[in-house]
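There are 4 protein chains.
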Amino acid sequence: MAAQKSPRSASGRPAPDAARRSERSRRAIYDAALALVVEVGYPKTTVEGIAARAGVGKQTIYRWWPSKAEVLMEAFLDLSLQAAEEAAEGEAGQAPYAIPDTGDVAADLKAVLRATVDELRDPRYEAPARALAAEGVVNEPLGREFMARLLGPSLQLYVDRLRAAQEAGQIRADIDPRIALELFVSPLAQRWLQYTGPISHEYTDTLVDYALNGLAPR
Amino acid sequence: MAAQKSPRSASGRPAPDAARRSERSRRAIYDAALALVVEVGYPKTTVEGIAARAGVGKQTIYRWWPSKAEVLMEAFLDLSLQAAEEAAEGEAGQAPYAIPDTGDVAADLKAVLRATVDELRDPRYEAPARALAAEGVVNEPLGREFMARLLGPSLQLYVDRLRAAQEAGQIRADIDPRIALELFVSPLAQRWLQYTGPISHEYTDTLVDYALNGLAPR
Amino acid sequence: MAAQKSPRSASGRPAPDAARRSERSRRAIYDAALALVVEVGYPKTTVEGIAARAGVGKQTIYRWWPSKAEVLMEAFLDLSLQAAEEAAEGEAGQAPYAIPDTGDVAADLKAVLRATVDELRDPRYEAPARALAAEGVVNEPLGREFMARLLGPSLQLYVDRLRAAQEAGQIRADIDPRIALELFVSPLAQRWLQYTGPISHEYTDTLVDYALNGLAPR
Amino acid sequence: MAAQKSPRSASGRPAPDAARRSERSRRAIYDAALALVVEVGYPKTTVEGIAARAGVGKQTIYRWWPSKAEVLMEAFLDLSLQAAEEAAEGEAGQAPYAIPDTGDVAADLKAVLRATVDELRDPRYEAPARALAAEGVVNEPLGREFMARLLGPSLQLYVDRLRAAQEAGQIRADIDPRIALELFVSPLAQRWLQYTGPISHEYTDTLVDYALNGLAPR
DNA sequence: TCGTAAACGAGACGGTACGTCGCGTCTTTAT
DNA sequence: ATAAAGACGCGACGTACCGTCTCGTTTACGA
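Protein chains in written order, with the numbering used here: chain H, 1 to 218; chain B, 1 to 218; chain P, 1 to 218; chain F, 1 to 218.
These aren't lab readings, by the way, just hints derived from the structure by calculation.
Among these hints, one or two may not hold up.
[Claimed, not checked] Chain H stretches covered by chain B per the calculated footprint, using a threshold of three residues with CB under 8 Å from any CB of chain B: (1) 19–32; (2) 46–59; (3) 68–79; (4) 108–114.
[Claimed, not checked] Derived CB-CB ranges, DEER-like: (5) 83/H <-> 13/P: 45 to 53 Å; (6) 172/P <-> 52/F: 40 to 48 Å; (7) 41/P <-> 48/H: 26 to 34 Å; (8) 83/H <-> 39/F: 52 to 60 Å; (9) 78/B <-> 47/P: 42 to 50 Å; (10) 198/H <-> 200/B: 28 to 36 Å.
Even for Gly, the Cβ is constructed at its ideal location relative to N, Cα and C.
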């Protein structure tokens, strides 16, 4: 079995040694990237600017990420992780990363969506989330990564909760939960992303009602 | 009232005389912009590239548009207009710009959504539409313009059709059509924009069924 | 005869239109390059620095010169030209660009060499001349250009003066003037370039004496 | 007197312990530096390149030399030393490091200069010698070191030989040998360094003749 | 019908950021 | 304990486009 002295990444460049990576720099880069996106917007956020703000050489960024979009992706991922951990601490003993199940699907979904609305309005989350979404629209690999690492896991929580509701007989058994969740999640996403309408707690409540009960008369 | 020899736009620059504008150049610029977005993608499409390909001076672009996003917006608007006119010719005597009303809402909606799916898969439409959507996500004024000039009018057609369905008693009267349409339009939009899932005729059919009948058992 | 719409330089890049070149920028670049070489030395003089000091975009330098060495070459050539013109004004009616001929070769050569010594000590000339010489040593094309455009013409003046001396019988007819001149010019050049010894009026006087009369006893 | 555990050089850094220096590494660094200068030229020879080629850490270079110029200087000095030792072996019983004295100054000088011409044409010597000369032109301390350690000793040999000639009555007693030698050495040096003309055995022979006999008629 | 003023093509300009290279220092790893 | 390996902060490289600004050259209008 041949020893592999200098492993190469897909780009053909020798892969850097991750074990010797500076944790300090990584944190500073995450912080700088997030702060800049909030302060000056994504298009005016430059790799050079991130490096300067983080007190880091440009090469240190290019060594570990292929583009500013990937930097922001990991920074945002890290931010979400931290937030999730903090949230988990508050509700000790409870399953983290799950939509609560009080027995009332409608109420549970409304609660989660209200929380989501609040989050989408917090500039600290909104700016990077919007930037990543925009980049992903036009950059398919990044878009798919965004889906795989952020959107997907979140959507899975809805799938799980809807499955539970099906078992409880609150949702028809022949419904595909993966599609069903889009009836209330996607409208919110589109209003937020494309300014197709205002978002509010009232609005998401209505979405849940419409989706669960349908538009046609009974 | 004082004579105004060289009227100035809000930017303080003398407004160009639109009457003397070269139609030839405008067309060439539209064609070049759309072609480049399809061929090399939006981020690699540059004003310089558009000018070169259109055989036009850069200033001719900057004279009439403030940014490449606006150029593309108008180019795409123009493209949509042309396409709509062509489509209208095929169905003479019928109201253009409307969702057909056969009396069966579900069928009508499914038909329109199937057509939309086809369009979203045509690279000639997809590339510029995606580019504008992405730009609009991160550039609010442009996003709102995109909504006002393209998305809005399209969505209004759904509102009209849903209103007709309400009058025909096929949809509950207390439903807000502006929100209702999002139950089947937004999921498609999100899957397309964010790669959250595959899009197909089957999928949109399912969306219409779910939306009209709801998820909960009757 | 084919029209040549976009002539290309040897580098394969379209040649810029010299007619539209900014004289203002060129002057500013010359001045900045010379000043920086004097102030911070050649190795610390950067294209970026020249551009910044000249108030010019980097591309304006790269558009017209392939390297900082070539910039400095032309700047120095320009400086020499100006100096020569100023000098020529002072001695109206006299042939410019020539070594004076008073009939006494030894005296004439000593006078020119003394002037050269003075020039080599003037930092405004020394710094760029030294920089170009150094670069030329290790960069053959540039070295040859330096020889062709600066050194060569100067040495030719010695050839001319020595020929006159041969006709006047002050120098043997079988002597090759192109080689002869090196007996007093090259020693000065080497002392200056390589710090092999101090340079002074006395020293160059001695060189002329030794060269004309030889080292062996008569 | 206080014990000094880690003596510090003028730079304030702890002086490395020369006794523990790796002879192996030094040799590898010399070889790599010389080879690179020959192969890619001095400007493209980098400390990183030398280290990589020598299979040595960069720090091992920086520990012992302040710059790539100094590395090359010592490498070249070492090369010259080796060459001189090899040459000395061939002529056993004779004084090493001296210009032969056959009684005929002209012949002896011509012989040495012919050998020098040959050396200057050997790429293994030419490339590093030229590199060091160029660096020395623009970097005064290095230039003076080059003079002190390489050029000076070589020139001294000429001084010695010329003194002998003066005692033998072949050269006038009032001649300064330190200046005299420049009449034939410097022209060769300048032609070589600055491409002011071709170098050949014929050329150096002529230089010796001109220098010894002078240019003026007797 | 002809001048003339505007729009036009071309592209040079002052800039900003790109992604890369090499510097000289510092740290880790594996003898 | 030493030295290879190489990550780091830094600064310059040479390139690509930005948006502005002249340049002549059409072009179309109104005198």
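Between residue 83/H and residue 13/P, is the Cβ distance one that fits in 45 to 53 Å? holds (51 Å)
40 to 48 Å as the expected CB spacing between residue 52/F and residue 172/P, which holds or is violated: violated (58 Å)
Within the assertion that chain B covers the segment 108–114 of chain H, do at least three residues meet a Cβ-to-Cβ distance smaller than 8 Å? Check failed, 0 qualifying residues.
If you check the beta carbons of residue 41/P and residue 48/H, does the distance land in 26 to 34 Å? holds (28 Å)
For residue 198/H and residue 200/B, compare the CB-CB distance with the range 28 to 36 Å and indicate the outcome. holds (31 Å)
Is 52 to 60 Å right for how far apart the beta carbons of residue 83/H and residue 39/F are? holds (56 Å)
Checking C-beta pairs, does the segment 19–32 of chain H have three or more residues closer than 8 Å to chain B? violated (count 0)
Examine the segment 68–79 of chain H: at least three residues should have C-beta closer than 8 Å to a C-beta of chain B. violated (count 0)
With 42 to 50 Å as the target window, see if residue 78/B and residue 47/P comply at their CB atoms. Check passed, 44 Å falls within 42 to 50 Å.
Has the segment 46–59 of chain H got at least three residues whose CB is nearer than 8 Å to a CB belonging to chain B? Our answer is that it is violated, as 0 residues pass the Cβ test (under 8 Å) against chain B, missing three.
Going down the numbered hints, you'll see the structure goes against 1, 2, 3, 4 and 6, while the others check out.
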